[in-house]
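Enquirer: The chain contents come next:
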Amino acid sequence: MSSTEQGTSSAAPAEPTTAPESAAAPEVPESFYYVHGKDKVVHKVSAGALQHSALIHGMISNLGYTEEQAKANPFPFENIDGDILQMVVDWCNQHKGKPTPPEDTNLPKQKEKLFDLVLAVNYLEIKELLTYCCKQVAMMVKGKSPEEIREIWMIPTDAEDEAAEKEAKKRAGKEAAGETAAAAGDAK
Amino acid sequence: MYPFHNCSLKFSEKFLEIFLEVVPKRYVDFGFFNKNSNNHNNSSSTLPAANLPNLVAPALDKIMRYLSGEDLMELRLVCRSLNDSVTKLDLDTRQITIYLNEDLIQLNVTKAVSYLSCTITAAENGCIVEKNGFCPTVHEGVDFIDEGMKEFSKVTKKRDFNVDELQVQFEDGDGESKKKSRQDEFYEKLGATLAKRDQKLNCRELSIGVHTPSDLKLILENVFLEKLNIKVHDLKMTFDMDQIKIIPQWNIITHLNIKGLCSLRLTDFQHIPNVDAEILPDTVANIMDHIETRLHTPAKVNMLFGMKIDHESLEALKQYLKRYGPQTTIVGQTTGRIQLGSDRFVKYTLKSSSWSLKDEK
Chain L
1 MSSTEQGTSS AAPAEPTTAP ESAAAPEVPE SFYYVHGKDK VVHKVSAGAL QHSALIHGMI
61 SNLGYTEEQA KANPFPFENI DGDILQMVVD WCNQHKGKPT PPEDTNLPKQ KEKLFDLVLA
121 VNYLEIKELL TYCCKQVAMM VKGKSPEEIR EIWMIPTDAE DEAAEKEAKK RAGKEAAGET
181 AAAAGDAK
Chain D
1 MYPFHNCSLK FSEKFLEIFL EVVPKRYVDF GFFNKNSNNH NNSSSTLPAA NLPNLVAPAL
61 DKIMRYLSGE DLMELRLVCR SLNDSVTKLD LDTRQITIYL NEDLIQLNVT KAVSYLSCTI
121 TAAENGCIVE KNGFCPTVHE GVDFIDEGMK EFSKVTKKRD FNVDELQVQF EDGDGESKKK
181 SRQDEFYEKL GATLAKRDQK LNCRELSIGV HTPSDLKLIL ENVFLEKLNI KVHDLKMTFD
241 MDQIKIIPQW NIITHLNIKG LCSLRLTDFQ HIPNVDAEIL PDTVANIMDH IETRLHTPAK
301 VNMLFGMKID HESLEALKQY LKRYGPQTTI VGQTTGRIQL GSDRFVKYTL KSSSWSLKDE
361 K
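Which chain is which? The protein sequence lines are L and D, in order.
First residue of the first sequence? That's 1 in full-length UniProt numbering, and the numbers climb one at a time after it.
First residue of the second sequence? That's 1 in full-length UniProt numbering, and the numbers climb one at a time after it.
Because the hints were derived from the structure by calculation, they are not lab data.
Among the hints, a few may not be true.
What the hints assert, rightly or not - Straight line, CA to CA, 27 Å or less: simulated BS3-like cross-link-like pairs of lysine-lysine:
no., chain 1, residue 1, chain 2, residue 2
1, L, K144, D, K88
2, L, K96, D, K62
3, D, K189, D, K200
4, L, K113, L, K135
5, L, K111, D, K200
6, D, K358, L, K127
7, D, K300, L, K127
8, D, K322, D, K300
9, D, K245, D, K111
10, D, K245, D, K358
11, D, K88, L, K111
12, D, K62, L, K144
13, L, K127, D, K62
14, D, K157, L, K127
15, D, K231, D, K62
16, D, K111, D, K227
17, L, K127, D, K111
18, L, K135, D, K88
19, L, K135, D, K62
20, L, K96, D, K111
21, L, K96, D, K347
22, L, K71, L, K96
23, D, K227, L, K127
24, L, K38, L, K127
25, L, K113, D, K62
26, D, K157, D, K131
27, D, K111, L, K144
28, L, K142, D, K189
29, L, K135, D, K111
30, L, K142, D, K62
31, L, K96, D, K358
32, D, K88, L, K142
Just so it is clear, the structure is predicted and the values come from calculations on it, not from any experiment.
Excised from the complex, chain D in its bound form (with noise of 0.2 Å):
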């Protein structure tokens, strides 16, 4: 233990010869704690040069990113400085969450402390709404999907509001007609209420769950992403991306994982270097092509496309690639390694049902 932590606020002469014993010189070389130090005026030298509230603002973000929601509450009350730090790291919203059910909106927010989940509940006049499972109170006349999209416009009113995760997920099942309409009308809503805003919601991840390709047409357009995750409702469909590849977005996008069989061809992807998608049958010549394309960009590729391959087109496949270097073939399945330059490697994998090809680290 050190004598700072006992004693009385009183600082004594007493104390201080006590206290330039103990700790060691280079704590006190300057401020209050050296009484030959000119530097009396500079209260925040009182903390040795580096020490963990004044480390530089990246380290100290980087350290408090490891760092669980309870340890940062700690962190808080340890002093002012630290405090001023976890508050500034909260400002960022990790995640949001939104749920549609038949007759709820869930609204879920995560920061690096603090949490948020609001409830909007219809009732018969209108819509009850509850915030982390207190006060609910009852708002009449309104529209539980209202209520829902302002509460959310309140969550990222702020101009340069940024967000790493936008969820959008609503209740798996068959949809009654009253149901699915419903739903519609959310995602209407949705789009209009993120088009209101000054600025496009700056989202790193969007994971979507869709009806229809206008549904994720309404949110697209309206957001700035780097990750893209579809879960498509209806899997015995084919899902039409043909509105969606033409939004400039679609252009920027360096991640999509698309659950269902959708109308993509492998040109819609030759920008996106993680990809993992169903897509319909393609040419031996459109693959080679792709895969050519492929291992001439300097980009990190890791694609995996489920995709119908006949028998003929299969061995053609394997022939083309056998001239890169030794493939082996077990159970139907042939993989093989690329060696691109010095230190990269591509390995690839042929199935019928689905080629991959991913970068080895």
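Pulled out of the complex, with its shape left as it was, chain L reads as follows (with noise of 0.2 Å):
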């Protein structure tokens, strides 16, 4: 019988003072995983924080990718920007378990950048966090009249779509048609 059995069994009084102690200890340390994007920056995030995403999650609870074999390979996202990667896992730190609030205001207010959050939110699965997005962009719709759209998003008219695209072909066409010449030339 070990020395802390002993002290327990014997004395009575004992108890409050080892009863804190050993609830305390079953505390399983934290593991935690690292991913990086295109700028190939690596970030250092809990396995709580990465719940958030369940594309992620599912690669390390289906998938077995242990917490060795993260830090020797960190998820590349290779078609998420740096920035917008450190976004992310800083909303999925700031959120990790905990229930998610019904409205975010800490949303990027460009909307280059809130678009491009919507893809990589949309890509690794974040539920909630692809909710608040969608909700700003809706509000930054709202109410706005089609050639203000047009304007804020800079989205071409479709008779500008169009001749955009006639240009275009006749552009390639040019340089096809140059391509031809400059190889015929070459074979005299």
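Reassemble the complex: the two chains are provided individually, in unrelated frames, and hints are given to aid placement.
Expert: Below, the structure written as structure tokens:
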């Protein structure tokens, strides 16, 4: 029998002091994983924070990606910009183990960043963050006229788009003709 | 204002030069706008990589679901691609309401953008059909209920037709025998119209007003649903659900709301996590069993049972629930909280007329 076991069984008053110690003991240290974006900057994220992403959570739990493997080979997300990935990681850390609030006011205000964030979040399958982002985009669209929407997001009208397409085709045709002429010249 | 919007359709070289100076590089990295790019054939590449029209479909769909019909109409006019996206969204029917009166049927179909209101009124030699308040047409020799069913099957004709909510209502009031027989005929014909479909109608939620169990059975047999809301017409009588609980659809319901006393027993609700129903009194042992089963299933519960409980049974229930933790009793209402695991709490409330269990968020 160990000394601690003897102590607790023989001396009753010792119980209250030993109880909190034994309760704190089984706490498992948090595991961390690593991710990097297009800029190759590696971000260290806890497993708890990564639970928000169904994609990464699936990789860890279903594919058996261990912490050691993750350390040696961070999850590569080459299609996500470094600053966007940083934003996602920050959000996941902020909402780790917490119920997500109905509104999130910390989303980027610049539309380009917001769209990139929507794409990244959709890819990483972070449901709550995608909902916030989509809500924010919807708020930006609400009450706007077609002209205003076009202006804000720099969307060409159909006529402009068609003209651009025609011009592109024309240019491509010219270039192709130039290339064939050059090739014919080389052959001679 | 961007020069892009002020320019005429002629895209001159000069314009391109100005445009390339003004617009950030990330927007012109490809396609027509970049003179040095080789990617000329892709017309969609005139748009930046991440922009509203070319967002991924699930995200765009989600965004559009936050917008009102008016906003979606504006969005349609922005460009062809957004117009197509709104059209796709508008294929989903959000709600169909069928309302029966003594001499008319009203069929309202609500979509994301469009709305159809079809009123079929009984006339001397047939019926009159009016759509969105315009062009009333007379259909001679056709009963208004038959015409109503014809319109309903037209609206739901697609094989894989989905609707978020189907509402079937009729005019309340003391039924004369003639009116009641017309109501029975209406439910019979609606059931037959639904049964004619190749595939059962998918409606997430069915809200239905009913006189008799057979009214409900005829409809329920021919739909797939998650939520069922029943409004019993005669609140003085106990609504017999024996015919209903044996229908296969009964087993896939996740939300049930019954307004009016019904003949169901607690064992009939074992598979439904969200219930609001008034049922006949049951024994304390059965209530305890039900609560115990609920607490040991992972599905979150939200249930309220209207049920008469005598004083003795109420005390026994209180004692039984006390072992889960402290409880408080104020003016005949006892409440308590049961902790299940590290992050799940279920709140219970006991009264002489009802009891409830609810997962706390």
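Enquirer: The structure should be examined with respect to each hint, and the outcome stated for every one.
Expert: Quick rundown of the hints versus the structure:
no.	hint	verdict
1	L:K144 to D:K88	21 Å, holds
2	L:K96 to D:K62	24 Å, holds
3	D:K189 to D:K200	16 Å, holds
4	L:K113 to L:K135	15 Å, holds
5	L:K111 to D:K200	43 Å, violated
6	D:K358 to L:K127	25 Å, holds
7	D:K300 to L:K127	20 Å, holds
8	D:K322 to D:K300	21 Å, holds
9	D:K245 to D:K111	32 Å, violated
10	D:K245 to D:K358	24 Å, holds
11	D:K88 to L:K111	25 Å, holds
12	D:K62 to L:K144	18 Å, holds
13	L:K127 to D:K62	11 Å, holds
14	D:K157 to L:K127	34 Å, violated
15	D:K231 to D:K62	32 Å, violated
16	D:K111 to D:K227	20 Å, holds
17	L:K127 to D:K111	25 Å, holds
18	L:K135 to D:K88	20 Å, holds
19	L:K135 to D:K62	8 Å, holds
20	L:K96 to D:K111	38 Å, violated
21	L:K96 to D:K347	25 Å, holds
22	L:K71 to L:K96	21 Å, holds
23	D:K227 to L:K127	24 Å, holds
24	L:K38 to L:K127	22 Å, holds
25	L:K113 to D:K62	18 Å, holds
26	D:K157 to D:K131	18 Å, holds
27	D:K111 to L:K144	21 Å, holds
28	L:K142 to D:K189	43 Å, violated
29	L:K135 to D:K111	20 Å, holds
30	L:K142 to D:K62	14 Å, holds
31	L:K96 to D:K358	25 Å, holds
32	D:K88 to L:K142	20 Å, holds
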